[in-house]
Structures are given as C-alpha cells and as structure tokens.
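Visitor: Model the full assembly from the supplied sequences, consistent with the hints where possible.
2 protein chains.
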Amino acid sequence: MLNHAYAVILAGGRGERFWPLSTARQPKQLLSLVGKRTLIAAAVNHLKGLIPANRIFIITHADLVLPARRALPGFPHRNIIGEPFGRDTAAAITLGAAIIKARDPRAIFCVLTADHIIGDVAIFRRTLIKAFRTVTTSNCLLTIGIQPTFPSTAFGYIEVGPRLSRPGSVEIVNVRRFVEKPNRAKAARYLKTGRFFWNSGMFVWSLDAFEDALARFQPPLKKLMNRVVPVVNTPRFASVLRAEYPRLKKISVDYAIMEKADNIVMARGTFAWDDVGSWSALENHFDKDDQHNVIIGRAVSLDASGNIVVSREGLVALIGVDNLVVVRTDHATLVCPKHRAQDVKRIVELLKRKRHHDTL
Amino acid sequence: MLNHAYAVILAGGRGERFWPLSTARQPKQLLSLVGKRTLIAAAVNHLKGLIPANRIFIITHADLVLPARRALPGFPHRNIIGEPFGRDTAAAITLGAAIIKARDPRAIFCVLTADHIIGDVAIFRRTLIKAFRTVTTSNCLLTIGIQPTFPSTAFGYIEVGPRLSRPGSVEIVNVRRFVEKPNRAKAARYLKTGRFFWNSGMFVWSLDAFEDALARFQPPLKKLMNRVVPVVNTPRFASVLRAEYPRLKKISVDYAIMEKADNIVMARGTFAWDDVGSWSALENHFDKDDQHNVIIGRAVSLDASGNIVVSREGLVALIGVDNLVVVRTDHATLVCPKHRAQDVKRIVELLKRKRHHDTL
Numbered sequence: 042m043l044n045h046a047y048a049v050i051l052a053g054g055r056g057e058r059f060w061p062l063s064t065a066r067q068p069k070q071l072l073s074l075v076g077k078r079t080l081i082a083a084a085v086n087h088l089k090g091l092i093p094a095n096r097i098f099i100i101t102h103a104d105l106v107l108p109a110r111r112a113l114p115g116f117p118h119r120n121i122i123g124e125p126f127g128r129d130t131a132a133a134i135t136l137g138a139a140i141i142k143a144r145d146p147r148a149i150f151c152v153l154t155a156d157h158i159i160g161d162v163a164i165f166r167r168t169l170i171k172a173f174r175t176v177t178t179s180n181c182l183l184t185i186g187i188q189p190t191f192p193s194t195a196f197g198y199i200e201v202g203p204r205l206s207r208p209g210s211v212e213i214v215n216v217r218r219f220v221e222k223p224n225r226a227k228a229a230r231y232l233k234t235g236r237f238f239w240n241s242g243m244f245v246w247s248l249d250a251f252e253d254a255l256a257r258f259q260p261p262l263k264k265l266m267n268r269v270v271p272v273v274n275t276p277r278f279a280s281v282l283r284a285e286y287p288r289l290k291k292i293s294v295d296y297a298i299m300e301k302a303d304n305i306v307m308a309r310g311t312f313a314w315d316d317v318g319s320w321s322a323l324e325n326h327f328d329k330d331d332q333h334n335v336i337i338g339r340a341v342s343l344d345a346s347g348n349i350v351v352s353r354e355g356l357v358a359l360i361g362v363d364n365l366v367v368v369r370t371d372h373a374t375l376v377c378p379k380h381r382a383q384d385v386k387r388i389v390e391l392l393k394r395k396r397h398h399d400t401l
Numbered sequence: 042m043l044n045h046a047y048a049v050i051l052a053g054g055r056g057e058r059f060w061p062l063s064t065a066r067q068p069k070q071l072l073s074l075v076g077k078r079t080l081i082a083a084a085v086n087h088l089k090g091l092i093p094a095n096r097i098f099i100i101t102h103a104d105l106v107l108p109a110r111r112a113l114p115g116f117p118h119r120n121i122i123g124e125p126f127g128r129d130t131a132a133a134i135t136l137g138a139a140i141i142k143a144r145d146p147r148a149i150f151c152v153l154t155a156d157h158i159i160g161d162v163a164i165f166r167r168t169l170i171k172a173f174r175t176v177t178t179s180n181c182l183l184t185i186g187i188q189p190t191f192p193s194t195a196f197g198y199i200e201v202g203p204r205l206s207r208p209g210s211v212e213i214v215n216v217r218r219f220v221e222k223p224n225r226a227k228a229a230r231y232l233k234t235g236r237f238f239w240n241s242g243m244f245v246w247s248l249d250a251f252e253d254a255l256a257r258f259q260p261p262l263k264k265l266m267n268r269v270v271p272v273v274n275t276p277r278f279a280s281v282l283r284a285e286y287p288r289l290k291k292i293s294v295d296y297a298i299m300e301k302a303d304n305i306v307m308a309r310g311t312f313a314w315d316d317v318g319s320w321s322a323l324e325n326h327f328d329k330d331d332q333h334n335v336i337i338g339r340a341v342s343l344d345a346s347g348n349i350v351v352s353r354e355g356l357v358a359l360i361g362v363d364n365l366v367v368v369r370t371d372h373a374t375l376v377c378p379k380h381r382a383q384d385v386k387r388i389v390e391l392l393k394r395k396r397h398h399d400t401l
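Sequence lines, in order, name chains F and V. Sequential numbering of the first sequence, starting at 42, is according to my numbering. Sequential numbering of the second sequence, starting at 42, is according to my numbering.
By construction, these hints were calculated from the structure, which means they are not laboratory data. Quantities reported herein were computed from a predicted structural model and do not represent experimental measurements. A couple of the hints might just be wrong.
One copy or any two copies: either way a pair holds, since identical chains are not told apart in the list.
No more than 20 angstroms apart at the CA atoms, straight line, and that leaves these computed lysine to any residue pairs for SDA-like [what the hints assert, rightly or not]:
#, residue 1, residue 2
1, Lys263, Arg283
2, Lys171, Val211
3, Lys171, Gln188
4, Lys89, Ala148
5, Lys77, Asn325
Guide: The following block contains the structure:
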C-alpha cells in the first residue's frame, strides 16, 4: 500500500450516448459494457492492494448514490458522495480533495474515471505507483497520458517535451501543451511525431500542489474547499454543498487548471485505455463474426455486415443492413448508423423534450 | 340475405412475412395490422346481413382453431374447422364445400380470404351479390378480379375478354387466361390495355359447378369430398381428415381448377383491395409524417426518412436511417430495408433452424 495515497473516482457521467442501455438511473459507469463487472466496479477493483477502499472516494450525482452503492457491494457507503448538481470535473475533484484533506492534510491522490476501460491493469498500477512517487518528491501536477495506438479524433492530446525521469518502465515527461480533439489529418501528424499522447483525464497530485493551483487559477473553488473541509463527516455537509454548488461555474479541470499551470508533468501510460465514448467504440472490445458484425446478446442476421448489435432482452433480427448500431433493451430499440453514434445524446434530448420520461 | 348462400373463409396462412408481430400462434389473419379489428374479424364482418354467421365456415390449421375462436367472439365455434395439415387452397376449399354440401346440396358459396384488406365494403358487397346471382343462373366458375390501380408485381393477373352482363355497377366478363406475377414492365403494359385485373383469390361458385370441376380436373379432391360429406357433424369427422389429408398433394385452387376450366367468368371488383403481402405494403394504408415515415406505435426519429416503424411495446428510436422497416414486439426487433421485406420469411426459417422457437 502507498502511504498517504487516496483516490477520487469521478462517476458523475450521465452516459447519454449509451441510451437506451444507459438511463438516468443507470448511466454508463453502472453498466457492464465489456466483461462482467460494471465499469465502476472495475475502476475500484483496479486499485485493490494499492489503495484501501476506505481511502477511495467516489463522487457522483446525488441521484446516483444508491445505484452506485448497489453496484459496489462491500464498498464503504459513506465513501460514495453525491453532488447536489453536476458542475463538471473541477468542482467534483475539489469536493473529493476537501474530503481527503479533512482526513489527511498530507495526502497525495489520484483522480480516476468510473466509466473508462483499462486493459493491462498491471501496467496501469505500475504507472500509478510511479506517479504517486513523482508527486511525493516534486511539486508538480501530474497527468497520465496514453500512448496512442491509432490517430483518434475522439480524444484530446497532450504534447510532451523532454524526458524528466531516468529511462524505465514508466517514464515521466515534461508537458508542452494540451490540444483539443484534432481532425483526422492532424491526428495522423500527431501520431507520427511520437510526441503526442491521449489525454485520459487521469491525474495524480499532492493536496498541496492542487490547493496551490486552485488558489492561483480558481479562487471560487478554493473557497469551496475551505468551506467544505470543516464540515466533512458532520450533519452540515449536505447543506453546505447545497448552498455552495449553485454558485459554481461548470468547468472541467483541464480548462480550470491543467491548461493554465506551468508545473505539469505526464506519466507515460503504455496500458490499453478507452473512454468508450459511444456505441461505435464497442467494436474495439469484442470479436466479430464472419460478416464483421459485433453481436452482444441474442441476434440473427441475413446479408448484414459491419453492424454492432446489443440485445439485452429478446432477439434482434437484421436483414440486408450494414454498419448500423442496433440496441434493444426492455424499454426501447435504437437503430442508428455507426458513424452517427455520437448523436444518440440528441435522441435523449428529443425524448426529454417529447416527455418520454419512462424511456430515459 | 341471399338464399342458399354460404361462405368459406380461408384462414390457413402462417403470415411469416409479418414476423415478429405474426407468430405461429398469431399469424397475420389474427392481427389488427390496419384498423382496430383483426383481419379475420373484418373478413367475417364484411358479410354481415348478407350471409348469416352459421353459414360462414372458416378453414384454418388445427393449431389455430382456438386462437381464431378467441378472435371471433360470438361466432359459432363449430364453424371454425381445423385441417390436420396445410394442403394449400384447393384442399381447404374442398373441405369447406363438403361441410356446406352436408347442410345444403343446392348451395352457392363464396371463397374469401381471412388476411386481405378490403376498402369500400359497400362495393365489395354489391360485387358479391351480383356474383352469387350470376352463378345461380349460369353454370360457370366465377372469380372476383380487382381493377388494378398501379402496375403491381406482387399479384397475379386475369386477362378478360368480352363483357357478358349488361353494363352496370358490377360487370361480369369472360376470362381469357390467368397470368403469373409479372415484372414491372409487363405489369405496366397490362395496365395500359385495360384488359388485366388482379387475381384476388376470391371466388363464387355453385356446389354443382365446383364438384363438376373437381371430378374433371382433381379426382383425388372429389374423393376427399365424397369421404367427408357423410361424416360432417359426426365423431368420425376428425379421423377421416387425418386419414385423407396425408394423401393429398399441396395445390392451389388456381392451378387445380381455375387455370384448367373453360367456364370461368370474372366479376369486376372496383373496391379497394390489398393482400398486404409484407411489411412494406403497410405504407399504402397509413398516413406518413413530414419525413415520409409511417409510424405505428411509439417512436422518435432524427434525420430519418421513408421508414416504416411498428412498435407494439416500448419505443423505437431512429437516427439517420432511410427506407427501413423496423418492428419491435415484446419478444424481438426486426431491422430490414423496405425492399427486402419479402425476405422476412427467410429470417423465420433461420430462426427455426437455429432453434429460437420462443421467438416464432
């Protein structure tokens, strides 16, 4: 076990891109999209033996606290914290940091996500250990970058500078800049240089370095931290959150801190990683049949190829259709070309507008 | 009411082209594809006031007798007759004729279908009355041809010769020949001549004329008739059917009699008629939305046009797909381009082969 090491797992996502399987009460992190474990249970499991469960804090929406508890039997209930409103990652991380500070002002902590997929868990764990050691000995903000395996246009990138650590299994490098999701040509150029890594949204920081950055770049969040620390584990905790949250701006930690700070380093993650951003991402995690269809659940097909079929209930039958996503659950069926999978969230908006609340 | 007039309604169809809505226990004729009534209830209803229910006989598969009874509350149970095996229309009609003969050897009868849609019911009824009168006064086999409204390639055609009746609201014409389903070019030529009509599979005959035709062209069916007449309404009825049916060839009444006989006339049907042969045929019976989608049940769509969506349970969501048939029931979802709707029966075969019996 790592001394003073804590984890904040961000589990606030609504996962609307996985409708109809994901719903308001069962967002992506509570689904077992790949493998038997739910994504959130897998995220907790990755830390086994590294950080004890009572030092892992899961930050989610208040509505999702109970479903998350059910998904994590044996995990300490009080370590699953509900935000009264979603205010993006900077606020959620600040909340987690405040709870950790109340316990251990000398803490170091990692920020992980509840709805991504990590392969090569042993390498992930080695990376995490190296990262914790790095932030213990130097006053930096560490981000975990992923060695890209193809020119993805779905992720942001991190451009790195010179290597800081001695050559080893996990290298620490200087960060030059964060860049937004590129187009395909740009992504291909990034890949060629060897200097660009996927921005995974995973971080390792000391409380001190994080608080310094808040004080410098995000005073309102520093104020949130100052208000929350004294009320952790008191009856006033919930009412303080309800009072403070409405005042916060929605801002991601990338914009709030990482793109502004000058003491950023990156641990080079060589493990497999995917944020599984939409139905079409499932293709990378399953075997295909002879017609290049990914079939999860009960389905038959005739002259149909390149489709992704997920049937959680009943049977799906395809005739003569190609490159579609077809998802059937007990309450709805989605039919959508793979290249439009990002637009599933627009269907969710439409369903809200048309008041089909029972399907959401 | 017409004297000595009876009806045989053929209800043996398996309706596999309407899977997953149609199943072995609920084939097309037991569905309410259009309107609130099941197709079989509509077929019976068309005869109201013309032929009393106790003179209407429904011939179906033995397995479907109970479901048909449930679909026809108030209809006399013993008038729904189950064949031990399906042997196509010639055998089913012979069975119906035998039951009628046991009641009334001077009968005239119409042969109707349980799974077609008839609009303009008043015109249909006038046509039927004229047809019954025609076969009462002349020794002919009458078929009801439908005035075509577009060059369909899904129906067989009847080419007619000179008019036999005086001009009137329902004309009786001579039949030159029956022709198979044509290709589009041929169908267009047929339409131009004004001499071609759709073969609806509806007939009106006297028992005498029908028996003469059987004796001449189908001795095995004449034998079936002779064996069945004496056992109608006796305990031996079922066992005689079980003994005789296995010996019969599967043959349609068109091949068995109509294409061979030389005393065929046609009543010119000017009512709307459709055999609703597949999901794509539903387009002709429903209004479309702004994007030319036919939506039956609960569905939402985004950039989707020209689709046919039927949802009997739950919701269907389409994004960016065109000209598909999407059908959702409580046990399955079908996705198929409209132009492949005829291949739904191949999916049914596939499901049988792969032993997905609970979906059939």
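Visitor: Each of the hints needs a verdict: does it hold here or not?
Guide: Evaluation of the provided hints:
1. Proximity of Lys263 and Arg283 under a CA criterion of 20 angstroms is satisfied intra-copy only: 17 angstroms inside one chain copy versus 87 angstroms between copies.
2. For the identical chains of this complex, Lys171 and Val211 are intra-copy neighbours only, at 7 angstroms inside a copy versus 92 angstroms across copies, given an alpha-carbon limit of 20 angstroms.
3. In this homomeric assembly, Lys171 and Gln188 come within 20 angstroms of each other (Cα to Cα) only inside a single copy, at 16 angstroms, whereas the closest approach across copies is 83 angstroms.
4. Within a single copy, Lys89 and Ala148 get their C-alpha atoms as close as 18 angstroms, which meets the 20 angstroms cut-off; across copies the closest is 86 angstroms, which misses it.
5. Taking CA atoms no more than 20 angstroms apart as the test, Lys77 paired with Asn325 passes inside one copy only; the shortest distance there is 17 angstroms, against 46 angstroms between copies.
Against the hints set out earlier in the document, no violation occurs for any number.
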